[in-house]
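Read off the chains here:
There are 2 protein chains.
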Amino acid sequence: MHIEVNNMNNILQSVEGLNPELDFVDSYINEFLCTEEETGAVARVLSEVSNTRGKMIRPLLLLLAARFGPQYEPLRRQLCKLGAVIEIVHMASLIHDDIIDDSPLRRGRPTVQQKFGKDMAVFAGDFLISRVMYHLAKEGMSREALTIGQTIEKMCRGELGQMACRFDPDTAIEIYLSNIYNKTVILFIEAMQLGAVASGCDEATVRRLAAIGEHLGYMFQIRDDLLDFISDPAKEGKTVHKDFADGIYTLPVLYALDQPAYAKRLREIAGIESGSPHYGELLEEMQELVAQNGGIDYAWQEIKNHAEKARLKLAALPGNGGREGLNRLICQLLDQE
Amino acid sequence: MHIEVNNMNNILQSVEGLNPELDFVDSYINEFLCTEEETGAVARVLSEVSNTRGKMIRPLLLLLAARFGPQYEPLRRQLCKLGAVIEIVHMASLIHDDIIDDSPLRRGRPTVQQKFGKDMAVFAGDFLISRVMYHLAKEGMSREALTIGQTIEKMCRGELGQMACRFDPDTAIEIYLSNIYNKTVILFIEAMQLGAVASGCDEATVRRLAAIGEHLGYMFQIRDDLLDFISDPAKEGKTVHKDFADGIYTLPVLYALDQPAYAKRLREIAGIESGSPHYGELLEEMQELVAQNGGIDYAWQEIKNHAEKARLKLAALPGNGGREGLNRLICQLLDQE
Chain A
62 MHIEVNNMNN
72 ILQSVEGLNP
82 ELDFVDSYIN
92 EFLCTEEETG
102 AVARVLSEVS
112 NTRGKMIRPL
122 LLLLAARFGP
132 QYEPLRRQLC
142 KLGAVIEIVH
152 MASLIHDDII
162 DDSPLRRGRP
172 TVQQKFGKDM
182 AVFAGDFLIS
192 RVMYHLAKEG
202 MSREALTIGQ
212 TIEKMCRGEL
222 GQMACRFDPD
232 TAIEIYLSNI
242 YNKTVILFIE
252 AMQLGAVASG
262 CDEATVRRLA
272 AIGEHLGYMF
282 QIRDDLLDFI
292 SDPAKEGKTV
302 HKDFADGIYT
312 LPVLYALDQP
322 AYAKRLREIA
332 GIESGSPHYG
342 ELLEEMQELV
352 AQNGGIDYAW
362 QEIKNHAEKA
372 RLKLAALPGN
382 GGREGLNRLI
392 CQLLDQE
Chain B
62 MHIEVNNMNN
72 ILQSVEGLNP
82 ELDFVDSYIN
92 EFLCTEEETG
102 AVARVLSEVS
112 NTRGKMIRPL
122 LLLLAARFGP
132 QYEPLRRQLC
142 KLGAVIEIVH
152 MASLIHDDII
162 DDSPLRRGRP
172 TVQQKFGKDM
182 AVFAGDFLIS
192 RVMYHLAKEG
202 MSREALTIGQ
212 TIEKMCRGEL
222 GQMACRFDPD
232 TAIEIYLSNI
242 YNKTVILFIE
252 AMQLGAVASG
262 CDEATVRRLA
272 AIGEHLGYMF
282 QIRDDLLDFI
292 SDPAKEGKTV
302 HKDFADGIYT
312 LPVLYALDQP
322 AYAKRLREIA
332 GIESGSPHYG
342 ELLEEMQELV
352 AQNGGIDYAW
362 QEIKNHAEKA
372 RLKLAALPGN
382 GGREGLNRLI
392 CQLLDQE
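Heads up: the protein sequence lines correspond to chains A and B, in order.
First residue of the first sequence: 62, per my numbering; consecutive thereafter.
First residue of the second sequence: 62, per my numbering; consecutive thereafter.
Keep in mind the hints are simulated off the structure, nothing from the lab.
No false leads were mixed into what you were given.
Where chains are identical, the list cannot tell them apart; a pair therefore holds if satisfied intra-copy or between any two copies.
When the alpha-carbon atoms are kept at most 30 Å apart in a straight line, the in silico DSS-like pairs for lysine-lysine are as follows:
#, residue 1, residue 2
1, LYS116, LYS176
2, LYS116, LYS374
3, LYS176, LYS303
4, LYS303, LYS116
5, LYS179, LYS303
6, LYS365, LYS325
7, LYS116, LYS179
8, LYS365, LYS116
9, LYS365, LYS303
All chains should be built: construct the whole structure from the sequences, respecting the hints.
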């Protein structure tokens, strides 16, 4: 079984006209993370954090949503600052996630915790959150601080919820969906909403863009879960079947566990410790069982359903660079570029 | 060698007239940490966090400093809210600290990480910080958010700095002092400063109270370091010589390491792994060496020096309940009640 999911690292280049903005976001991130008094330890960790900069999909969403508002042009710099804040929140969550997941790699590079230890990683994440609080206060963005505070809270809730479900093969798909909503989707919604509100969109447009953000968030996370079934560590910077071995049962697995055919065997494998002999072979068997039970097709279909809904909502918005960019993003998440 | 350091758990009762305020602080903490949608995992962790409520020394400092301002009475509720915020910042730092220290106990109770795992502890701490950000924004306290953002950043810096010094017997005392300044003292200063500014103290009084907070912070932390040499786990909720075994060399040890007499043997012990046979006996020998080298006396003298400076600054302030309370706090930290 082969599943085609392309790497999205080049997603930025595919959305035309946003490169200057994303360069601004990038330099604001550097500015926000830079400190006058960088002593050895802090400076090394921060520089590593900066180097593991991601795809910047959240600032991209913020800027694309902002294109629908009348204030986009005059407020470009301000929007880029907000984009930097959203990305730093994401970076902090990645650092703390990696502690939980015990991930040695993130995007093919050693994680902060792998390189500096869990201890450093805890405080590096806290450091980023404190920077976000500081900069929002400094810029007088208390409305944004309010929603970002709530967003971080929900993200924690999602992580705690996911942890509570670990190694539980009876996790309901609704609970899984609620966990990924908090963990991932909410920040996609928040990015779109912040961009739309800041650029002066009317209420209906804000709501529509937030809804599109929700679909994109689900697409992104379910796709990320699928990547755990297919990715090549060298290419994607992730290791295969790590979620399953960690007891994190994602949509393909949970769907398969719900089908009577091979669910018994799948449960058996889930009950075997990851250190056991021939565990690698068991994971291959698990992959086959999930595929045979339709788990991968189901997850893929869910992505397509969200794409369709997002496209419908997008079609009702005026045609501009924002709409074009969001359509391209949907294509990328479907690998139909 | 016996060192008398009393438990400060009853410190609150000793400052008269502040019990109603501290009850308000307590109920604001509950209110700030309470959420409508408490699902199982989050609720359990938050309830545990609430139960490990500490001595509330930081809100106490804030309220005592506020007594010097003309706005104390009309702004009492607001000051209590600020006190709750400061205490939540402290609680978050404790949860993340315990991850680093691998502490099984905090004040005689199992730590969050011991009870729920490191993973839960990471997000429980993040959750508290996000709550702080949310509530400061909600109350329109952007000036306070600014300084608290900076404070959390410095606290991280202190923890990272302390980590960078682990197992390094050549750590200079100045570096140790700079680490505890960031890790602990800064939040004492911040508590005093927030209380003084919010209640409308003039600039000179704010500066004086902040300086007193600095002395109290050093007294508190050096005393806490001394507790690692003498505490009875049942009574104090701490385990003896844990800092040393973890490679965290505090003032008594660093001073002793600087004295030629027994420094060589002390270095040898520092180089032996904590899992080695008879490690307990080695720690007893270490304790003797530190005492013989004057490390404990030196640390104790430092506490007394800060007390003297704090008292001098306090004497220049008008006599009121705030001054009385701060004087009592100094006595408690000196065990001269």
